[in-house]
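Could you build the full structure based on these sequences and the hints that come with them?
For what it's worth, this note's numbering labels the leading residue of the sequence shown as 43, then goes sequentially.
Hints in this document: simulated from the structure, not taken from any laboratory.
Accuracy of the hints is not assured; some may be wrong.
The calculated DSS-like cross-link candidates involving lysine-lysine, where the alpha carbons are at most 27 angstroms apart (straight line), are [claimed, not checked]:
no.: 1; residue 1: Lys221; residue 2: Lys242
no.: 2; residue 1: Lys179; residue 2: Lys124
no.: 3; residue 1: Lys52; residue 2: Lys179
no.: 4; residue 1: Lys73; residue 2: Lys124
no.: 5; residue 1: Lys221; residue 2: Lys179
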Amino acid sequence: MPVFNVIGPKSGRCNICGAVGPLTEDHIPPKALAQNIALRLNHLVSELGAEKAPPGTKMPDGIKFRSLCQRCNGVVLSRYDKALVAMADQVTAMLRTPILLDGSQAIRVKPQLVARAVLGHLCALGIDRYNEGDPQKFGEYVLNDQSTFLRDCRVCYWVYPFAGRTVARDLFITYIGTKIASQVMIMKCYPIAFAIIVNKALPLDGWQPPSFDFYASLGPDDEVEIPIYLDQIPDQIWPEMPHRDGNMVAMLGEAAYVAKLSSPRGQVLKNRLKP
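What follows is the structure, given as structure tokens:
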């Protein structure tokens, strides 16, 4: 199994803005949210057992792609990441409290910034993917905090109390007997998971998590209370894994990965995630 600290060339085209030049390393999810620990990176298809997948990759310092320019990574996403980490910290505090909490709790977040943080890091998946097979609006959604991202796409979220990480930009879902299909981008990492549904008409399989739909008219720095449902937690491999008796069909492209804990040779991994 090959070992990579980071995937991607030192220079090329930025996946978000399309500028050609030096590229920087992007942690997916951002390193302030996910600990930099040794991981074994596999294509999502191998985790689901659908077919034989290429050999996995060991990444000693978490999932990192060199695919974004300095401005997109260090300026644009840095601002959004603060809102994402603030949301995750509140959910983590709930999960670690010794007091039994009710099924629904409220936290304060900036939905427009959180959504753009998630999309920006998912855009970083893959090499030279600027506008490749994606709506050309993705870059505009990230770069322009006044864009219609939350009006055009559905951004769902739910509690994710599991170790390991799943990130995918090349997941496509449809249902047998229907004409509804959509690209679905997912980022799952303790303590919160997100799914971006490009076509809002597509329901997820079996359960509809809360979303940012109601906050589409907010300004980028507007902060609101949103519900967190501690009693509604789907399986670890949802929504990418179809139910056995359902009619969902999931198609996976290149940029769809599962990362599991992987102890470096000769070392004991002490800083495991705390689900």
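Verification of the supplied hints:
Straight-line distance between C-alpha atoms of lysine 221 and lysine 242 comes to about 13 angstroms, which keeps the hinted pair within the 27 angstroms bound. As the CA atoms of lysine 179 and lysine 124 are separated by approximately 23 angstroms, the hinted pair is consistent with the 27 angstroms bound. Between lysine 52 and lysine 179 the alpha-carbon distance is near 26 angstroms, which keeps this suggested pair within the 27 angstroms criterion. The straight-line distance between the Cα atoms of lysine 73 and lysine 124 is roughly 11 angstroms, inside the 27 angstroms bound, and the hint therefore holds.
At roughly 23 angstroms between alpha-carbon atoms, lysine 221 and lysine 179 fall within 27 angstroms of each other, so this suggested pair holds.
When the structure is compared with the earlier hints, no violation turns up for any of them.
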